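Could you put the whole structure together from the sequences, leaning on the hints where they help?
2 protein chains.
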Amino acid sequence: MGQANYQQQVLGILGGGQLGRMLIQSAINYNLTVHIMDPDPEAPCKNLCRTFVQGDLKDYDTVYAFGKTCDVISIEIEHVNTAALYQLEQEGKKVFPQPRVIELIQDKRTQKQFYQDQGIPTAPFVLTENKADVARHLDFLPAVHKLGKEGYDGRGVQTIPDAGAIGRAFDAPGLLEKFVDFDKELAVIVARNEHGAVKTFPSVECAFHPVHNLVEFLFSPAEISPETDQKAQALALKVIEKLDMVGLLAVELFVTKSGEILVNEIAPRPHNSGHHTIEANFTSQFEQHLRAVMGMPLGDTGIRSGAAMVNLLGEAGYTGEALVEGLDEAIQEKGVYLHLYGKKLTKPFRKMGHVTVLEADTGRLREKAQRIKELIKIKA
Amino acid sequence: MGQANYQQQVLGILGGGQLGRMLIQSAINYNLTVHIMDPDPEAPCKNLCRTFVQGDLKDYDTVYAFGKTCDVISIEIEHVNTAALYQLEQEGKKVFPQPRVIELIQDKRTQKQFYQDQGIPTAPFVLTENKADVARHLDFLPAVHKLGKEGYDGRGVQTIPDAGAIGRAFDAPGLLEKFVDFDKELAVIVARNEHGAVKTFPSVECAFHPVHNLVEFLFSPAEISPETDQKAQALALKVIEKLDMVGLLAVELFVTKSGEILVNEIAPRPHNSGHHTIEANFTSQFEQHLRAVMGMPLGDTGIRSGAAMVNLLGEAGYTGEALVEGLDEAIQEKGVYLHLYGKKLTKPFRKMGHVTVLEADTGRLREKAQRIKELIKIKA
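Going line by line, the protein sequences match chains A and B.
Okay, so the first sequence: first residue is 1 according to the UniProt record's numbering, each after it adds one.
Okay, so the second sequence: first residue is 1 according to the UniProt record's numbering, each after it adds one.
Some clues are possibly wrong.
Unchecked claim - A few chain A positions that, by computed beta-carbon distances, are all more than 12 Å from chain B:
id, residue
1, Gln8
2, Gln90
3, Thr122
4, Ala165
5, Asp181
6, Lys242
7, Arg366
Stated by the list, open to error - Calculated lysine to aspartate or glutamate pairs in the EDC-like style (CA-CA distance at most 20 Å, straight line):
id, chain 1, residue 1, chain 2, residue 2
8, A, Lys199, B, Glu194
9, B, Lys199, A, Glu333
10, B, Lys368, A, Asp300
11, A, Lys199, B, Glu223
12, B, Lys334, A, Asp300
13, A, Lys199, B, Asp133
14, B, Lys199, A, Asp328
To be clear, the hints were calculated from the coordinates, so they are not data collected in a lab.
Note that the coordinates shown come from a computational prediction; the quantities given were computed from them, not determined experimentally.
Think of the CB as a built atom: it goes at the ideal place given N, C-alpha and C, for glycine as much as any other residue.
Right, dumping it as structure tokens:
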């Protein structure tokens with residue numbers, strides 16, 4: 001066995017939000033040198049890394065110059081300048097996920113076409129160019145209209161149950177997707193390193209906020225049959241293999257009422273649906289991301305404990321300097337783990353943190369998660 | 001339940017080594033603002049905190065000026081200027097552990113006298129002023145000679161089995177302690193906050209390096225009877241209560257062959273014997289330290305999994321820039337957690353990192369810990 005020299009490689013991460021922050025917490029264990037770039041001078045990663053560069057993630061020169069200071073370049077948000085990443089890749093830098101994959105995923109239209117081309121099951125869809133175009137597909141309703149580019153954290157998605165709601169459609173290139181009458185929404189996180197090693201995490205179950213399209217609760221493991229779990233994991237594996245991608249990929253899935261599994265969306269980075277892995281699995285998604293992009297052996301993804309994850313969203317009606325309510329009461333409970341993201345300002349539905357709750361019994365877990373959600377409020 | 005404002009308090013920590021580093025990893029979850037001071041401009045905490053101040057921990061003015069920028073002041077090493085801390089305390093700063101406790105523990109002589117005065121069982125001892133003084137107590141041999149002040153990480157302790165070994169004694173104020181023919185060495189970590197809440201971690205078992213007086217392996221839980229565990233926890237509780245201390249206290253204990261439990265030494269901060277708690281207990285010692293000094297409710301200390309901790313010491317014969325050997329093979333195993341401390345230079349027996357190994361079965365755990373120890377080598 002040779003000597004590992006991960007400590008001599010500079011890892012650059014585009015994006016310095018909460019995902020970058022949790023990547024840094026994990027990177028400290030391996031003594032990795034992490035450089036971060038984010039447009040926000042007060043980004044959650046500021047003060048936690050060797051080098052923090054304030055810069056525009058979409059600007060060619062800025063991304064290129066940042067990448068030149070690194071050996072391995074990765075992302076924690078996919079809205080980045082891929083032209084610069086292609087150039088860096090060509091100059092011999094390791095860019096994981098590959099620019100090709102980031103570019104494909106940046107546009108939900110090419111993402112959908114990729115599923116279709118590769119025989120990956122997904123909901124029927126049509127591409128739309130503008131609002132008028134959406135109105136031409138009334139036969140497709142009820143449907144979900146998705147903006148092709150720039151959607152994030154629940155933005156860029158609108159449900160269009162009937163013709164009367166066409167006004168909600170985006171007046172820009174997007175896609176109209178047939179509404180899936182699903183039984184459950186699952187997510188599977190899968191990792192692959194440059195040596196071709198691949199590992200999936202067990203399926204988790206996501207409960208979305210009815211209005212804001214943000215994960216409200218997550219439960220691990222999902223309450224599904226072992227067969228469904230295996231089918232979901234196999235599908236995630238197929239996606240990352242077909243993408244020929246190196247890094248971590250979150251695959252969001254629908255289980256339809258007839259038991260079919262469809263790919264909804266994918267994200268080539270750590271994801272909200274994997275936050276519980278920090279405490280609940282043998283390897284966290286953040287460590288797995290680092291292992292994958294640095295070419296390390298992948299870690300065991302097994303479950304250590306049943307878990308729920310509760311997103312801490314900025315309370316409606318409060319904008320300003322964040323104050324955490326109910327914290328003392330919550331953290332007195334066994335197996336309650338707070339993660340605040342270091343964002344100074346709260347606004348309605350902004351992701352301010354999350355809480356992981358460990359509990360083996362499924363019924364008690366759901367009850368505990370609900371109680372924590374009612375207890376902790378982010379106000380101003 | 002009111003609004004917790006821990007985020008508005010600046011926590012200053014004297015010392016920026018590995019203990020400070022792991023405190024920071026934990027503080028990120030609570031979005032605490034941490035200021036660190038350490039004499040080494042390349043200390044392990046450098047680059048990981050809002051404010052890193054290079055400064056002499058023993059200098060009055062330096063410590064005082066640093067403390068003035070903080071609301072709560074704590075330590076990760078006890079060799080600090082207590083006069084400055086007394087002054088800061090008097091000016092209304094929260095200093096936890098209290099200067100009085102740090103001062104008492106800084107000198108192993110006053111530490112021992114404290115046990116005696118408070119009826120806390122400890123090995124018989126005599127105070128010695130110099131080497132000649134040690135030679136006057138041959139009737140006390142076999143014994144251990146301990147330097148009163150400045151001992152750390154195995155330095156400042158010498159075994160003196162017989163008169164022929166008197167030459168090893170320190171020629172400075174110290175104490176000669178009767179050699180304890182112990183069955184096991186245990187450690188119990190206990191925390192207490194300013195509201196008087198107290199919690200102990202279950203007893204762990206330490207295996208020391210035969211020559212260098214450094215923990216080589218640690219096993220949790222200790223293989224002892226429930227009664228012995230309870231006696232050990234009760235004794236740790238008694239020590240922190242008698243000290244009237246706020247913070248985290250590691251209590252090292254001997255279990256004698258006749259089943260008696262004696263206090264060996266104490267440290268008023270996170271301790272090598274609690275590193276496994278990061279993965280193996282519901283609350284880590286680092287989070288518990290933060291909770292205690294910030295006045296938060298204490299966390300549950302229960303065991304999530306049986307665990308071993310292996311210290312990664314600089315390999316004998318290597319001095320220079322550290323290289324980690326055997327890492328890839330080690331981290332392929334399930335439940336193996338690497339923690340490198342970010343020290344650039346290795347030297348023989350320097351604490352460079354640790355590995356926590358999770359495993360329920362006691363036999364397999366010891367075997368796995370031994371294998372990891374043989375696999376990972378810190379060379380140059």
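Right, here's what the structure says about each hint:
1. Gln8: Not fine: 9 Å to the nearest Cβ puts Gln8/A too close to chain B.
2. Gln90: With a cut-off of 12 Å, Gln90/A remains clear of chain B, as the shortest Cβ separation is near 29 Å.
3. Thr122: Since the minimum Cβ distance to chain B is about 34 Å, Thr122/A lies beyond 12 Å and the statement holds.
4. Ala165: Given a closest Cβ separation of 39 Å, the condition holds.
5. Asp181: The claim holds: Asp181/A sits with its nearest Cβ about 39 Å from chain B, beyond 12 Å.
6. Lys242: It holds; Lys242/A is separated from chain B by about 26 Å at its closest Cβ, greater than 12 Å.
7. Arg366: holds, 20 Å
8. Lys199/A <-> Glu194/B: Cα-Cα ~46 Å, so violated.
9. Lys199/B <-> Glu333/A: holds, 14 Å
10. Lys368/B <-> Asp300/A: This hinted pair holds, its Cα atoms lying about 16 Å apart.
11. Lys199/A <-> Glu223/B: violated, 36 Å
12. Lys334/B <-> Asp300/A: Cα-Cα ~5 Å, so holds.
13. Lys199/A <-> Asp133/B: Judged against 20 Å, a Cα distance of about 65 Å means the pair is violated.
14. Lys199/B <-> Asp328/A: OK: Lys199/B and Asp328/A at ~16 Å, within 20 Å.
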